[in-house]
Every structure is written in C-alpha cells, then in structure tokens.
Amino acid sequence: MPQYIVAQYGDRRRYLVKALREIGHRITRLASRMDDHDLGLVAPGEDWSVTELIGYLRDSEREDLATLEAVLRVDGSRIGERQAMAQVEDGAFRHADPADLLWDFATLRDETVWLLESAGTAWNHVGIHPFRGEVPVMQWVQEMNERDLDAMWRIQRAHDALRRPGREQVTGLAEP
Numbered sequence: 071m072p073q074y075i076v077a078q079y080g081d082r083r084r085y086l087v088k089a090l091r092e093i094g095h096r097i098t099r100l101a102s103r104m105d106d107h108d109l110g111l112v113a114p115g116e117d118w119s120v121t122e123l124i125g126y127l128r129d130s131e132r133e134d135l136a137t138l139e140a141v142l143r144v145d146g147s148r149i150g151e152r153q154a155m156a157q158v159e160d161g162a163f164r165h166a167d168p169a170d171l172l173w174d175f176a177t178l179r180d181e182t183v184w185l186l187e188s189a190g191t192a193w194n195h196v197g198i199h200p201f202r203g204e205v206p207v208m209q210w211v212q213e214m215n216e217r218d219l220d221a222m223w224r225i226q227r228a229h230d231a232l233r234r235p236g237r238e239q240v241t242g243l244a245e246p
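The opening position of the sequence shown corresponds to residue 71 in this note's numbering, with each subsequent residue numbered one higher.
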C-alpha cells in the first residue's frame, strides 16, 4: 500500500473501511439519479442492468455481513462460497423495485462498516473456506472493495450512456 495512504488513514484497515463507506455512498448516489426505467436497461458492453447490479450488490453485502459477523465473533469460523451471482443469472432482479434493492444495500453497507469499525483485534481473524482454506478478514474486505469498485464503474458507465442525447440510437441500450 502506498505510504501516502498509510500516512493519511493510519493503516490499511481504516483505508478499506473508508473505501467501503464512500464507494457505497457513490453507488447509491449514481443509482438515485437514474429513473426506474433507465435502471432496468442494459448498457452496451454490459451483461446486467443497473437494477441487476444493485440486486447483486445487495445479496453480496448480505452474504459478506453474515460471513464477517461469524469470523469476527469466532476465529476460524467456517465460511461458505459466495452465491449472490446466481440470483442475477436466474433473472431474479429483472422486475425488482430498484429503490428497495438500493435501500437494502445501503442499510446493509452501514451495518458492515459499523461492524468493521468496531472489530478491533478481530481483524486478525481468519475464516475457513471449503476451497480456499484460510481467508483473513483483511483479504475478504479487500475482495469486497474490488467487487464494489467494479460495480461502481459499471454503474457509472451506464449512467453516462443514459445521459447522452439520442442515447437509444447511439448506445444501443436494450431491455434485458
């Protein structure tokens, strides 16, 4: 990690928690600026609509919060494989209310941030994954951050594509 980040935030844990908080807020702001119809459109080069991305983030956050609660409570807790992507692939979010998904994601993210801020020395705990073996809390949170960054940029690209004049002709937006 670059020294300027460590100097500004104190350590990697504080930086990751700050990143989770701010990226969650950015995702919420971006999606809130789009109308429900636009949230359901699939932008060019994407496989999922913004609504599906938010549903995926909501389910991922729910899984991650449960995992973190278990591992922070008991070092060496068994953790499962992430399953959130299966819901999107099954089309579970195509007709979901984006506002409800976004609210749930934001609420779960606040709980996750609070949990991590109060974790103390439990940041040193590891979870036992069936295929990956020991997974440190720090690594799990880093993976959450990477997933969120990817989703944020995908939502940003969809947001930008939808703001262009004549977007249907230019961008090829399609219904899922």
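Source of the hints: derived by calculation from the structure; they are not laboratory data.
These figures come from a predicted structure and were not determined experimentally.
You may find that some hints are simply not true.
[As the list claims (entries may be wrong)] Derived Cβ-Cβ restraints for the label pairs, each shown as a range: (1) R143 / Q212: 19 to 25 Å; (2) D117 / K88: 37 to 43 Å; (3) G203 / D167: 37 to 43 Å; (4) L185 / W223: 22 to 28 Å.
Cβ coordinates follow ideal geometry from the N, Cα and C atoms, glycine included.
Verification of the hints:
no. : hint                    : verdict
1   : R143 / Q212: 19 to 25 Å : 20 Å, holds
2   : D117 / K88: 37 to 43 Å  : 30 Å, violated
3   : G203 / D167: 37 to 43 Å : 39 Å, holds
4   : L185 / W223: 22 to 28 Å : 26 Å, holds
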